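Chemist: Work out the full structure, taking the sequences as your base and the hints as a guide.
Protein chains in written order, with my numbering: chain A, 1 to 458; chain B, 1 to 252.
Read the hints as simulated data drawn from the structure, not as lab findings. A hint or two may mislead.
No more than 20 Å apart at the CA atoms, straight line, and that leaves these computed lysine to any residue pairs for SDA-like [said to hold, decoys possible]:
(1) Lys445(A) - Gly92(B)
(2) Lys151(B) - Asn396(A)
(3) Lys410(A) - Lys151(B)
(4) Lys367(A) - Asn324(A)
(5) Lys445(A) - Ser373(A)
(6) Lys437(A) - Lys151(B)
(7) Lys338(A) - Lys410(A)
(8) Lys447(A) - Lys151(B)
On a predicted model such as this, the values are computed, not experimentally measured, just so you know.
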Amino acid sequence: MTNQITPDKKDSREKFIELFRLYENTLNGQKDYVGHTIKKTAIRRLSQEVDFPTRRNEDWKYTNVAELLQVQYQQPKLVDITIADLSPFLFEGLDAYLLVFVNGQLNKTLSSKDELSKKILVQDIPSCLQEDGPEKATAFEYLNKWASKEKNPFIVLNTAFAQNGIFIYVPDGLVVDRPVHILNIAFTKDEASVISPQKIIVVGENSKLTVIETYHYLNNPQQTYFTNTVSQLVLKRNAVVEHYRIQDEGENAFFVNNTEVEQMRDSTYSSYVIDLGGKLVRNNLSSILKDSGTTTNFYGIYLGMDKQHIDNQTFVDHAYPNCNSNELYKGILTDNAKGVFNGKIMVRPDAQKTNAFQKNHSLVLSKGASMNSKPQLEIFADDVKCSHGATIGQLNEEALYYMRSRGLSKKEAISVLKQAFLTEITELIKIDPVRVKVEQMIVDKFKQLPETNNELLN
Amino acid sequence: MLTIKNLHAEIEGKKILNGINLQVNAGEVHAIMGPNGSGKSTLAHVLAGREGYEITEGSVSYMGKDLLELSVDERAREGVFQAFQYPIEIPGVSTANFLKHTINAVRKHQQKKELNAKEMLSFIKKMAKMVEMEDNFLSRSLNQGFSGGEKKRNEILQMAVLEPRLAVLDETDSGLDIDALKIVANGVNQLRTNDNAFIVITHYQRLLDYIIPDFVHVLYNGRIVKSGDKNLALKLEEKGYDWIKEEVEITS
Chain A
1 MTNQITPDKK
11 DSREKFIELF
21 RLYENTLNGQ
31 KDYVGHTIKK
41 TAIRRLSQEV
51 DFPTRRNEDW
61 KYTNVAELLQ
71 VQYQQPKLVD
81 ITIADLSPFL
91 FEGLDAYLLV
101 FVNGQLNKTL
111 SSKDELSKKI
121 LVQDIPSCLQ
131 EDGPEKATAF
141 EYLNKWASKE
151 KNPFIVLNTA
161 FAQNGIFIYV
171 PDGLVVDRPV
181 HILNIAFTKD
191 EASVISPQKI
201 IVVGENSKLT
211 VIETYHYLNN
221 PQQTYFTNTV
231 SQLVLKRNAV
241 VEHYRIQDEG
251 ENAFFVNNTE
261 VEQMRDSTYS
271 SYVIDLGGKL
281 VRNNLSSILK
291 DSGTTTNFYG
301 IYLGMDKQHI
311 DNQTFVDHAY
321 PNCNSNELYK
331 GILTDNAKGV
341 FNGKIMVRPD
351 AQKTNAFQKN
361 HSLVLSKGAS
371 MNSKPQLEIF
381 ADDVKCSHGA
391 TIGQLNEEAL
401 YYMRSRGLSK
411 KEAISVLKQA
421 FLTEITELIK
431 IDPVRVKVEQ
441 MIVDKFKQLP
451 ETNNELLN
Chain B
1 MLTIKNLHAE
11 IEGKKILNGI
21 NLQVNAGEVH
31 AIMGPNGSGK
41 STLAHVLAGR
51 EGYEITEGSV
61 SYMGKDLLEL
71 SVDERAREGV
81 FQAFQYPIEI
91 PGVSTANFLK
101 HTINAVRKHQ
111 QKKELNAKEM
121 LSFIKKMAKM
131 VEMEDNFLSR
141 SLNQGFSGGE
151 KKRNEILQMA
161 VLEPRLAVLD
171 ETDSGLDIDA
181 LKIVANGVNQ
191 LRTNDNAFIV
201 ITHYQRLLDY
211 IIPDFVHVLY
221 NGRIVKSGDK
231 NLALKLEEKG
241 YDWIKEEVEI
251 TS
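Modeler: Structure below.
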């Protein structure tokens, strides 16, 4: 059964398979038959067909997951938290529907799930699969696909271990009046857990939804854990979705985010990814355009300090004419941090009149920090407008001098310039309380740099 | 207030200032004129503290302190202001936020009362009016998309809100039409007190019709070769710089 596994890989997959066996035993007696079968399919594929990547995989050339895979993980435990625990993670002044997940499990008391359920369908995935609702088919379609056909091992892993995925369905013709804030908190005590948040979000025709996913921790800052999250979004005709992912995980946390989007005709999907925490971060973001007239915006900010490794992989698949995609990712790397950006755009032969633009700009402010930026455009249609650009540089010395000549200290001036660099993206955040908090989180992160740090100037 | 003694400065091995001597007292306006390459901008840069210049000889004393020992931001907080010849654009830094930061940074250092948000805004708006800048510029990025005239007026605005003791205007009039020039000059004149001083570096006499100097100095080959009052400027306007160059050659 496992004769194809090479020796080094055997350990990491074996560990997960063992963990699954342990976890499976606790499922006895549950009626979640369909879901259980899916999980078993997923774990079997992980042991037989699917493999974790090595440096030899082009897409993982700059990101080494060996350290992530070496850890012996546990399934996370159910932990109770209080409103006080929660409050630093809320957005002041934001009226949102709150869904609080602690270690991947929904905390009903602290969430406004019932209130949200009055407007739209919000259901945990296991229930979705059991009950004969209209959403059962959709949930099954994706879970089955992930379990049996998906090649990304992290999605397969998530499928095996997710305990309480959530299915959100916005019916046709509904503008959801308030954003939905999915607040994820890691709270593991003295054991490395693998937390597997799982979301399927379907937005009906002409509907509008704003989703804000945030990732925080309450454990000891040095605690090792692994958040492996999967989100599948489906935008029906003319749907508009704003999707934020703000990640502030612990300094020893591993974070893999797999977000896949399908866009139907005339839909608009805007993604804002803010990466502040984590030791090893990998974001896989893709949008498959399934009809014409769509708009896709991918925005991202990454701040790497110490030995952080932040890797953003994006993919837009233009298969139909008259679609627009626009990408802008900006980051600042200091100390010995490493950043990676790989933006793939596929423009298929029928995708005439495609507009696809991609920009990646990074500031590398110390000798030990580095950035690898790779655009990858494959264009098979001839009547298109496509461009890509990447810059990697330091702060503008003239600008720094100007500010110092007005009384700002070198440190203050550097901070102002770094914030200014990121303004191009933060000013795109339409929700004021979110923008204000993100700007504050960025400033707080800058403050963590030691006093003696001498940041490189141009 | 400012005493420059035998100042020699070079950049990348090239000697630019060759023994500047200048005394500027509170309440005075000194104009520094000279042909291109005479060292006018270098003098401004050295006083402001720009890196890249090596002081090989001489001293500069400001308010009893050794100015050359202070960093550029320390000088600014001590009340030295330079209005740049080519103000840089800084996208992403809002003019309003920038001014708020610097005003309080300087005030705090000088042990003046820091302004709260309301006081700050009304103070800035009052000064903006003086240089005829519209309120909307406050929300724009620093100098971004500003015309040459707007950039220079923004320099004067910054000078107005920072209330320096010594202001060095480095060819503030370059690239300005007569209307912009008048606004800039008016701004400077409104800010003149008995306690502050101005060094106005200019190539053309025109600005000095509006900012009447107490002293005019001619800089040539890195030295002040002639000093006089405002009439010296008028003579230069009429005759150019050649007669000065000849005078210098005869005496050396």
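Chemist: Now look at each hint and say whether the structure bears it out.
Modeler: Structure-based check of all given hints:
no.: 1; hint: Lys445(A) - Gly92(B); in the structure: holds (19 Å)
no.: 2; hint: Lys151(B) - Asn396(A); in the structure: holds (19 Å)
no.: 3; hint: Lys410(A) - Lys151(B); in the structure: violated (23 Å)
no.: 4; hint: Lys367(A) - Asn324(A); in the structure: violated (38 Å)
no.: 5; hint: Lys445(A) - Ser373(A); in the structure: violated (23 Å)
no.: 6; hint: Lys437(A) - Lys151(B); in the structure: violated (32 Å)
no.: 7; hint: Lys338(A) - Lys410(A); in the structure: violated (25 Å)
no.: 8; hint: Lys447(A) - Lys151(B); in the structure: violated (32 Å)
The earlier numbered hints that this structure contradicts are 3, 4, 5, 6, 7 and 8.
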